[in-house]
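Enquirer: Please arrange chain S on chain D, whose structure you already have, making use of the hints.
Protein chains in written order, with the working numbering: chain D, 220 to 613; chain S, 220 to 613.
These are computed hints drawn from the structure, not numbers from a lab. Wrong hints could be hidden among the right ones.
The list treats identical chains as interchangeable, and a pair is accepted whether it falls inside one copy or across any two copies.
Unchecked claim - With a straight-line Cα cutoff of 25 Å, these simulated DSS-like cross-link-like pairs (lysine-lysine) come out:
no., residue 1, residue 2
1, K407, K577
2, K563, K441
3, K598, K294
4, K611, K303
5, K303, K594
6, K563, K294
7, K294, K321
Take a look at the letters that make up each chain.
2 protein chains.
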Amino acid sequence: MTGPLNGITVLDFTRVLAGPYASMVMGDLGAEIIKVEQPRVGDIARGNGPFIGNVSSYFLSLNRGKKSITLDISKPQGTELALKMAQKCDILLENFVPGTMKRFGLPYEIVSARNPQLIYASISGFGQTGPYSQRPALDVIIQAMGGIMSITGEEGGPPIRPGASLGDITAGLFTCVAVLSALQEREKSGRGQYIDISMLDCQAALLENAFARYFATGEVPKALGTRHPVFTPFQAYQASNGFIAIALVGTQWPLFCSAIERLDLIDDPRFIDGWQRTLHYDEINPIISDAIKAKTTQEWLILLGGLEIPCAPVNRIDQVASDPHVNERNMFVEVPCPGAGKAKIVNSPLKFSRTRAKVVRGSPELGEHTVYVLKTLLKLSDGEIESLIQQKVI
Amino acid sequence: MTGPLNGITVLDFTRVLAGPYASMVMGDLGAEIIKVEQPRVGDIARGNGPFIGNVSSYFLSLNRGKKSITLDISKPQGTELALKMAQKCDILLENFVPGTMKRFGLPYEIVSARNPQLIYASISGFGQTGPYSQRPALDVIIQAMGGIMSITGEEGGPPIRPGASLGDITAGLFTCVAVLSALQEREKSGRGQYIDISMLDCQAALLENAFARYFATGEVPKALGTRHPVFTPFQAYQASNGFIAIALVGTQWPLFCSAIERLDLIDDPRFIDGWQRTLHYDEINPIISDAIKAKTTQEWLILLGGLEIPCAPVNRIDQVASDPHVNERNMFVEVPCPGAGKAKIVNSPLKFSRTRAKVVRGSPELGEHTVYVLKTLLKLSDGEIESLIQQKVI
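The shape of chain D in the complex, shown without the other chains (with noise of 0.2 Å):
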């Protein structure tokens, strides 16, 4: 089985997260990403700990599976080469800053004028337009201006930064369904287009609620700690050897109160449903917190859990990774790593019944697929290879 964007090529300028998570995303479907880098210098990504061997973690995990080639873009053969192959690509991805891809004679308009049926995605911190087009971004930027930030945190506390990049991440997956999108369009218009992301949009779309609230209302939403901001109980409490989350939704109220034991609380009307529970926080919820920590998270999920009450252990990251059922469902793989033997990485979540998604390969040597791209997409000869190396255009 081969997956369902087998077929499909990506020339792939790219570099650390945004970019690179999205076509991540894309060569685990089997689309073939040929990701181009500087000569000599790669994606600074290569050099973020913790190493493997000699092999970057960070760079190996979203970099798995592609081809990698060098080649000098801001040298006019370059940048002839790089159109060469945009005409036998189906996508070209870039994360440079807005008006790089141009300095290096490599715009939209330059590019789809060789490849109509192109579809060539921007990724930036801003867009390509606007007032801070121009500003260099990082995940920690994107996040502290899209507003997660400030509703991350303990009640009253510091701002928090949520624990994974959701700046690049969500930008990544955002800029995959975009191109997905480009690409359907294509089978009936038989054209490519432009597609500009922006990480600091995709903050907005992912906290579409948060706005709406606001929007609604005119009050500002805050950091809740792990409170949800509707219904109550929806938070982790301390047990006591460890928290567990719980989530009341539906009509469980009564079932809850038998299980700590204060049957007393079912018909109190200040505690009827879930948004009386959430107008009277303050009152119900140190009563829920002390008769959580009377038992272990254990005895809580088996107790709760027996009557069906949606609640979870929080896990660490190393308690995920030996859970029985994420390991059953296959998240995890090993994939060869030079000097190293195996690494293990996370997995394509993507679970298909007819074209399965896998991780097969790991991440590409600088330059490692140079010659053999060179050679099998634009089918240059020994010499003219030989030529470009002397003259460290590849």
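Expert: The following block gives chain S in isolation, referenced to the frame of chain D:
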């Protein structure tokens, strides 16, 4: 201009968040979304506050532009109508607990026999297989089990839930990617397929870097406040009147030292690069924290911004909503809202050169399009529709 998914029809049985987020994204891209709801009950998210007039802002934001039909699929006639509609659609989405669609007579085997081209995607908390597959799941349960809460929060503090429903939304975005990949594959094979999306699987994919670090080193990733695990400074600092995020990844340390008037630190071997500064975090962080407190956020933005050091205010939601750049990027739109004039919500973040994504309508009333869809899609007569109403099938 119409969106890139114009002409694609989605039969959408999903409720609340993960599924509706996926169909929202596809609907903004031009797909026709036929939202199937239980007669008289509807998507329970219709009851989630706060309200604009009598419209749920929660529901409005996620269901703008969709068509709503009521259909009781627990009745044989409802099942048959659902099957007939599935014959006319490209995509079917559902996010019931695994096994529910089978009980309704609508499992993939039955539906695909009627329409082998259909792409049928199931979203659930834990996926269709594995020991937890029958457990109920809600966002905080998935965020707890997936590990992100354990790496979000203050160092040494309790777990924190990121301020967005990442369990649902990440799954919704991955569902879009999977469905659109299968659409692309269908162009070649002529065949649909089944897609099994687990919210928990998608959390692992979101945390690829945390798992890569853990597998590489055996060290369990921890919560780091607003810090980055690899780079320093790369976090939010308290200025005299608010917070500012500062992120150094390149060679800007000397510039930053000059900005904080500590030229003596430039050549200090403890702080010579991002990794060394992370290793000596306890020494460098108090120095930087004290320096940043001396000026306002605005003063630092001008000073550091002038040096092209990535920095940003930690914005509240109201500040993002009024930000001139975000507004110039057209990230908020007004849609008609019955009983309340207009309501403002977040726009699609996807910007195409030829096929514009757009939000034009608000959310549908329950069953607003039942008659329209049954007449246009299934060519039912007035008499047949009247009979279905009397039998409470619609």
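Enquirer: With reference to the structure, classify each hint as holding or not holding.
Expert: Tested hints:
1. Taking identical chains as interchangeable, the C-alpha atoms of K407 and K577 lie at most 25 Å apart only when they sit on different chains, with a minimum of 20 Å there against 29 Å within one chain.
2. For the identical chains of this complex, K563 and K441 are inter-copy neighbours only, at 19 Å across copies versus 38 Å inside a copy, given an alpha-carbon limit of 25 Å.
3. Only within a single protomer do K598 and K294 lie at most 25 Å apart by alpha-carbon distance; the minimum there is 20 Å, versus 62 Å between protomers.
4. Taking the shortest Cα distances, K611 and K303 sit within 25 Å of each other inside one copy (18 Å), while across copies they are farther apart (62 Å).
5. In this homomeric assembly, K303 and K594 come within 25 Å of each other (Cα to Cα) only inside a single copy, at 12 Å, whereas the closest approach across copies is 51 Å.
6. With identical chains, the CA atoms of K563 and K294 are never at most 25 Å apart, being 38 Å at best within one copy and 48 Å at best between copies.
7. Taking the closest pair of Cα atoms, K294 and K321 come within 25 Å of each other only inside a single copy of the chain (13 Å); across copies the shortest separation is 60 Å, beyond that limit.
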